[in-house]
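Line by line, the protein sequences are chains D and B. Numbering-wise, the first sequence is residues 10 to 385 according to this note's numbering. Numbering-wise, the second sequence is residues 10 to 385 according to this note's numbering.
Simulated from the structure, these hints should not be mistaken for lab results. Take these hints with a grain of salt, some might be off.
[What the hints assert, rightly or not] Listed next, the in silico DSS-like pairs over lysine-lysine satisfying Cα-Cα at most 27 angstroms (straight line):
{"hint": "1", "chain 1": "B", "residue 1": "Lys219", "chain 2": "B", "residue 2": "Lys321"}
{"hint": "2", "chain 1": "D", "residue 1": "Lys97", "chain 2": "D", "residue 2": "Lys24"}
{"hint": "3", "chain 1": "D", "residue 1": "Lys284", "chain 2": "B", "residue 2": "Lys284"}
{"hint": "4", "chain 1": "D", "residue 1": "Lys219", "chain 2": "B", "residue 2": "Lys315"}
{"hint": "5", "chain 1": "D", "residue 1": "Lys284", "chain 2": "D", "residue 2": "Lys219"}
[Stated by the list, open to error] Chain B is nowhere near these chain D residues, computed Cβ spacing over 12 angstroms in every case:
{"hint": "6", "residue": "Asn58"}
{"hint": "7", "residue": "Ala59"}
{"hint": "8", "residue": "Thr101"}
{"hint": "9", "residue": "Asp158"}
{"hint": "10", "residue": "Asp185"}
{"hint": "11", "residue": "Arg204"}
{"hint": "12", "residue": "Thr226"}
{"hint": "13", "residue": "Ser298"}
{"hint": "14", "residue": "Arg299"}
{"hint": "15", "residue": "His351"}
[Said to hold, decoys possible] Which residues of chain D face chain B? A partial, calculated answer using Cβ under 7 angstroms:
{"hint": "16", "residue": "Phe199"}
{"hint": "17", "residue": "Ile201"}
{"hint": "18", "residue": "Leu206"}
{"hint": "19", "residue": "Arg208"}
{"hint": "20", "residue": "Ile241"}
{"hint": "21", "residue": "Tyr243"}
{"hint": "22", "residue": "Ser246"}
{"hint": "23", "residue": "Trp249"}
{"hint": "24", "residue": "Glu251"}
{"hint": "25", "residue": "Arg257"}
{"hint": "26", "residue": "Phe268"}
{"hint": "27", "residue": "Gly269"}
{"hint": "28", "residue": "Phe272"}
{"hint": "29", "residue": "Val274"}
{"hint": "30", "residue": "Leu295"}
Every residue, glycine too, gets a C-beta built ideally from N, C-alpha and C.
There are 2 protein chains.
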Amino acid sequence: MDTTPPSNHPPAAPKAPARRYHQIDGKFQMLRGQLDSPTLAYEQWGELNADRSNAVLIFTGLSPSAHAASSPQDPTTGWWEDMLGPDKPIDTTRYFVVCVNSLGSCFGSTGPASNNPTTDTAYRLTFPMLSVEDIANTGALLLDHLNIDRLHSVVGASMGGMTALAFAMLHPQRADGLISISSAARSMPFSIALRSLQRELVRSDDIWQKGEYDHSTPPDSGMRLARKLGMITYRSSAEWSERFGRERATSEIDPGHPFGIDFEVESYLDAQAMKFTGAFDANCYLYLSRAMDLFDAADHGGSVAKGLSMVKAKRALVIGVVSDFLFPVCQQQELAEGLEAHDIDVTYAELGSIQGHDSFLVDMDRFRPVVAEYFL
Amino acid sequence: MDTTPPSNHPPAAPKAPARRYHQIDGKFQMLRGQLDSPTLAYEQWGELNADRSNAVLIFTGLSPSAHAASSPQDPTTGWWEDMLGPDKPIDTTRYFVVCVNSLGSCFGSTGPASNNPTTDTAYRLTFPMLSVEDIANTGALLLDHLNIDRLHSVVGASMGGMTALAFAMLHPQRADGLISISSAARSMPFSIALRSLQRELVRSDDIWQKGEYDHSTPPDSGMRLARKLGMITYRSSAEWSERFGRERATSEIDPGHPFGIDFEVESYLDAQAMKFTGAFDANCYLYLSRAMDLFDAADHGGSVAKGLSMVKAKRALVIGVVSDFLFPVCQQQELAEGLEAHDIDVTYAELGSIQGHDSFLVDMDRFRPVVAEYFL
Chain D
10 MDTTPPSNHP
20 PAAPKAPARR
30 YHQIDGKFQM
40 LRGQLDSPTL
50 AYEQWGELNA
60 DRSNAVLIFT
70 GLSPSAHAAS
80 SPQDPTTGWW
90 EDMLGPDKPI
100 DTTRYFVVCV
110 NSLGSCFGST
120 GPASNNPTTD
130 TAYRLTFPML
140 SVEDIANTGA
150 LLLDHLNIDR
160 LHSVVGASMG
170 GMTALAFAML
180 HPQRADGLIS
190 ISSAARSMPF
200 SIALRSLQRE
210 LVRSDDIWQK
220 GEYDHSTPPD
230 SGMRLARKLG
240 MITYRSSAEW
250 SERFGRERAT
260 SEIDPGHPFG
270 IDFEVESYLD
280 AQAMKFTGAF
290 DANCYLYLSR
300 AMDLFDAADH
310 GGSVAKGLSM
320 VKAKRALVIG
330 VVSDFLFPVC
340 QQQELAEGLE
350 AHDIDVTYAE
360 LGSIQGHDSF
370 LVDMDRFRPV
380 VAEYFL
Chain B
10 MDTTPPSNHP
20 PAAPKAPARR
30 YHQIDGKFQM
40 LRGQLDSPTL
50 AYEQWGELNA
60 DRSNAVLIFT
70 GLSPSAHAAS
80 SPQDPTTGWW
90 EDMLGPDKPI
100 DTTRYFVVCV
110 NSLGSCFGST
120 GPASNNPTTD
130 TAYRLTFPML
140 SVEDIANTGA
150 LLLDHLNIDR
160 LHSVVGASMG
170 GMTALAFAML
180 HPQRADGLIS
190 ISSAARSMPF
200 SIALRSLQRE
210 LVRSDDIWQK
220 GEYDHSTPPD
230 SGMRLARKLG
240 MITYRSSAEW
250 SERFGRERAT
260 SEIDPGHPFG
270 IDFEVESYLD
280 AQAMKFTGAF
290 DANCYLYLSR
300 AMDLFDAADH
310 GGSVAKGLSM
320 VKAKRALVIG
330 VVSDFLFPVC
340 QQQELAEGLE
350 AHDIDVTYAE
360 LGSIQGHDSF
370 LVDMDRFRPV
380 VAEYFL
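Only chain D is shown next, with the shape it has when bound in the complex (with noise of 0.2 angstroms):
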C-alpha cells in the first residue's frame, strides 16, 4: 500500500493512516499552466470486481479530505460515513469506491501549499491557475493507475458535482452513470459574488501577506470570516429560524460590551468558524474558491447545451434541495434537462431538505434513499 506521504507533502498533514498516494509521472499540463509530478491522495474501500466493471469515483467538494468514509485502517469518521460503507447506500461490499483529494486542496495532493520540486519551496501564488477540469483529469490519471477502463460512476456534490460533470465531459468513454449533487453546470453571479468577497475577506487579512504566510501562523481571522459567510449561506433561513429561533446566548444584554454575542445563532457560528481554521491552508481555499467560479460547461463547445452533449454516461442521477440558494433548484433541473436532451436516463430529485446546500452532508434520511435507489 503507497500510503508514504511524498517528499512534496504539505506541512503539517493530519495522520491518515488509510491514504494513499499516487504522483503523476512527468509534467501534467493544465488548462492555464502545469505543474511536475503532481501527487495525488485518495482512500479506497471495497474490492475491484473480476471484470474491473465496479468501481465508483468520489470528487469532494471544496474543503473535505479523501476520507469521505471509516475503514479499517483508518476507523475516524469521514465526511460521508453514513452514504458510504457495506450495506450503505454505496455499498463497499459491491463496489470499489476511490475518494481523490482535489488537486490544489491540502490534504495530501499537490496545491499551493505543496513543495514546488523545482524551486524547493512552497508554491503559493506561482500555482497555476486550476480549473475545475484539471481537478477532473487527474482523476482519470489516476483511473490509469489503478488500471481501470470504466467507472460504473463518477459522483459528486457541489464542487465535486461539477468535477464529476466535468469527468464526465472530457472523459466521455470512462463513466457509465453520473450522480451530481447540488452543483450545476456552471456558476452563477450570486454565488461567484459570495465566493468573490469570501476570498477578498481572507486576502484582507494583514497576515495572508499576499499568499507569503508563514505555515506555522495562518490568516486565522480572514479564513474565520470566509467560513462564517459560508456557513451562512450554505444552510437556509429557515433551518436557522427552527434551530436557534431568538434565542438569545446570555439571558441578559450587556450594555457595556455593545457588539458582544447576544444571539445563540451567532455563538454557533463563532465556534464553528473556530474549528475550521488551522484545518484548511488559506492559499488552497483561494485556489479551489476560483475554480469554482470559473467553471462554466458552455466553455467547451460555446453553450451548456453543447457542452453537457458531450456526456456519454447511459445514466445519471440529478439531486437538487428546494432551500439551496447557492446552487439553486433552478440549475438542477437545467442540468437534468441538458443531460435528457442526449439521450441519457436521468433522474432528477428535488428533495425537501430546509439545511440548503449542506444538506447532503447531514439530511441523511431524505439523500441515502435517492442514492440507494441509484445504486440498486
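Given the coordinates of chain D, work out where chain B should sit on it, guided by the hints.
Just chain B now, with coordinates in the frame of chain D:
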C-alpha cells in the same frame, strides 16, 4: 428655519441646505441608557393643513439621511425621490411630510460620532445601546415640537418599517395609519447572522481600534467589506443573473493575477462599495445594525401577537417582496395577519420584484401604484 447645525454636530457632514434640527430639551430616556439633549435632523415637504391632520412621518432604513426627496431648498435627488413630491404617490401638495434621520445615525441626528456635551468628546462606544424603540420615541418628540398631535400615517421600509411599527405600538394614539415595507415584527436568526458578520468585518479592521479611530481616517476597508456583503444580500440571485450573467470584466483571464476581478458582478460590487465608504460612520453603522437585531415586537407583552395588539391605527399597508430573503414574505404575512387580528383594516401587497430587499428603492413601477392607492 432652524437649519444651523448644533454644536454636537458630527464632523464633516455634507452640506444639506434643507435639513432642519430639533434639540430635545433635557434628558432623553432610552430603553437601555439616556442622552443629554440629543439633536434630531429632519426635512419636511408640503404644508400642514388647518386641522393638522395631513402629516406623514417617514422613518428611514439603516443608512439614509432625512433627505428623502428634493425640495426648493435642496434640489439634489433624495433617496425616495420617485415616491415623494408634488403629484407623486406621497403627494406633497396634499400631505405635510417629515422624514427624520434616525437617532444613532450620522446625518445630523445625535449618534456615536457626535460630541457628548458632558465630556466634549465624541460618544463612540460610550453611546448607550440603541434600540429601534428609542428611534421611534424621538419621532414622537419631533411631533411635539411640530405641534402635531396625530399622524395621517407613519411610514418606513426595512429598519424604518420596524421603527414605524414601534412608533405605532408605543404611541398608539398618534398614528391613524401605518405603512410597513419589507420589514418585520422581529429579526430572524438568518438576518441576525448576516448583520453580525457585517459588524465583525468592521470590527476586524485594525483601524477600527475598538471605535477609537480618527474620524478623518476611518476603517474604510472593513466598511467596504460589510457593504459588499450587504449589497449581495439586499438584492436577489435572479437579479444578479439577469444583470450580469457570466459576463467577464476582462476578456482574458490573467493567470499572473490569480485573485483579481474576473467577472462583471465583482467589478460592480467593488465600485459600489467604494462609493459607500466615507459616507457613513463605522460606529453609527454598528449601533444601528445591532438595533435591528434586537428589535422584537414580542418584547412588548410577551408575544408578537400581544405586541401588535398595541397598535391602534385604523388601517395599515404591509408590502413584501417575493425575492427578499432578508425579510422574507413569511414575515410580511405574519405582520399583516397580526395587525388584522386586532381590527385594523390591512392591505397586504406581495410584489414580484426581482431586486430583493432593495426593491422599494429601485422597482418604483411596482411600488408607486400600491403606495399611491393607499394615499388616494
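Evaluate the condition: distance from the CB of His351/D to the nearest CB of chain B exceeds 12 angstroms. 22 angstroms, holds
Is the shortest C-beta separation between Ile241/D and chain B less than 7 angstroms? 5 angstroms, holds
Interface hint check: Ser246/D, Cβ to nearest Cβ on chain B, cutoff 7 angstroms. Holds or violated? 4 angstroms, holds
Would Arg204/D pass as off the interface with chain B, using Cβ distances and a cut of 12 angstroms? Incorrect as stated: the minimum Cβ-Cβ distance to chain B is 10 angstroms, not above 12 angstroms.
Closer than 7 angstroms between Cβ atoms is the bar; does Glu251/D clear it against chain B? Give me holds or violated. Status violated, d = 9 angstroms.
Is it true that the CA of Lys97/D sits at most 27 angstroms from the CA of Lys24/D? 26 angstroms, holds
Once the shortest beta carbon distance from Phe272/D to chain B is found, is it less than 7 angstroms? Nearest chain B Cβ about 5 angstroms off; hint holds.
Can Tyr243/D be said to touch chain B, with a Cβ gap under 7 angstroms? 12 angstroms, violated
Does Val274/D hold up as a contact with chain B if the rule is Cβ-Cβ below 7 angstroms? 4 angstroms, holds
Is the shortest C-beta separation between Leu206/D and chain B less than 7 angstroms? This hint holds: Leu206/D lies near chain B, its Cβ roughly 5 angstroms from the closest one there, short of 7 angstroms.
Measuring from the C-beta of Arg257/D to each C-beta in chain B, is the shortest one below 7 angstroms? Not OK, violated: Arg257/D not within 7 angstroms of chain B, min 10 angstroms.
Verify that the Cβ of Asp158/D lies farther than 12 angstroms from every Cβ atom of chain B, and report whether the claim holds or is violated. 33 angstroms, holds
Against the hints set out earlier in the document, violations occur for numbers 1, 3, 4, 11, 13, 14, 21, 24, 25 and 27.
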